[in-house]
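*Asks:* Sequence:
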Amino acid sequence: MRLWHGVLALVIVYFVWGRSPSNMPSEYLVYYDKTSTAHTSKRRLYCPENRCLTIYLAPWCPQCKNSHAAILDTVKQLEARGIETTIVLGLDKHEALLSYAADFPFPVYFDQNKAFFKSLDMKGVPSYVVWLPGGKITTRNAGGAPSAELLLKVLGLDN
Numbered sequence: 196m197r198l199w200h201g202v203l204a205l206v207i208v209y210f211v212w213g214r215s216p217s218n219m220p221s222e223y224l225v226y227y228d229k230t231s232t233a234h235t236s237k238r239r240l241y242c243p244e245n246r247c248l249t250i251y252l253a254p255w256c257p258q259c260k261n262s263h264a265a266i267l268d269t270v271k272q273l274e275a276r277g278i279e280t281t282i283v284l285g286l287d288k289h290e291a292l293l294s295y296a297a298d299f300p301f302p303v304y305f306d307q308n309k310a311f312f313k314s315l316d317m318k319g320v321p322s323y324v325v326w327l328p329g330g331k332i333t334t335r336n337a338g339g340a341p342s343a344e345l346l347l348k349v350l351g352l353d354n
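When we follow our numbering, the leftmost residue of the sequence shown carries the number 196, and every step to the right adds one.
Derived by calculation from the structure, the hints in this document are not laboratory data. It is possible that some hints are incorrect.
[Unchecked claim] Capping the alpha-carbon separation at 30 Å, the derived lysine-lysine pairs in DSSO-like fashion look like this:
hint: 1; residue 1: Lys229; residue 2: Lys260
hint: 2; residue 1: Lys229; residue 2: Lys318
hint: 3; residue 1: Lys348; residue 2: Lys309
hint: 4; residue 1: Lys237; residue 2: Lys313
hint: 5; residue 1: Lys237; residue 2: Lys331
Please take these sequences and the hints and turn them into a complete structure.
*Replies:* Structure (C-alpha cells):
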C-alpha cells in the first residue's frame, strides 16, 4: 500500500510540476508606460543578463494587493543588484489592468488575452518566475509575500 501511495505522489508531482514549461513563453505582451506619450506597444519579455524575475498579478487578487509593498521592495532591491524584474498584469478587463497599472511607479506588461498565463501553465496569482537570458526557467512559485526578504529567499534571489 505504501508503494502505491509513493507512486501516486510521484505521478501527481509530474503532472503538476513536470509538465510545466521549462522556458519562458515568447508571446508578445502589451508594454504599458504611463509616463510615455505613446503609452503602449507590443513586446516580448527579455532577460538581458544573469537572471530575471517576472511577477504575474491580477487586479482582483487580494494576495496581490496585500503583497504590493513587498513586491515593490523586491523590485527595488533586485534593481540595485542588476537583476531585472518585470510585472505582468492579467486575468481581467483592460480597464481594470489600466487602473491597477497606476499602482506601479514603473512600466508594466498586460496579458490581455491570458495567453502568457496559459503558456506558463500558472496555477494562480500572484505567481513568480525566475529565468535566465536564454529563457530557461529556474524557479517557480505562487502565493502572497509578507516581505521582500522572505520573497527573495523563497525564490533563491537572496544572495
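*Asks:* Would you mind marking each hint as holding or not holding in the structure?
*Replies:* Going through the hints against the structure:
no.: 1; hint: Lys229 - Lys260; result: 20 Å, holds
no.: 2; hint: Lys229 - Lys318; result: 29 Å, holds
no.: 3; hint: Lys348 - Lys309; result: 28 Å, holds
no.: 4; hint: Lys237 - Lys313; result: 18 Å, holds
no.: 5; hint: Lys237 - Lys331; result: 22 Å, holds
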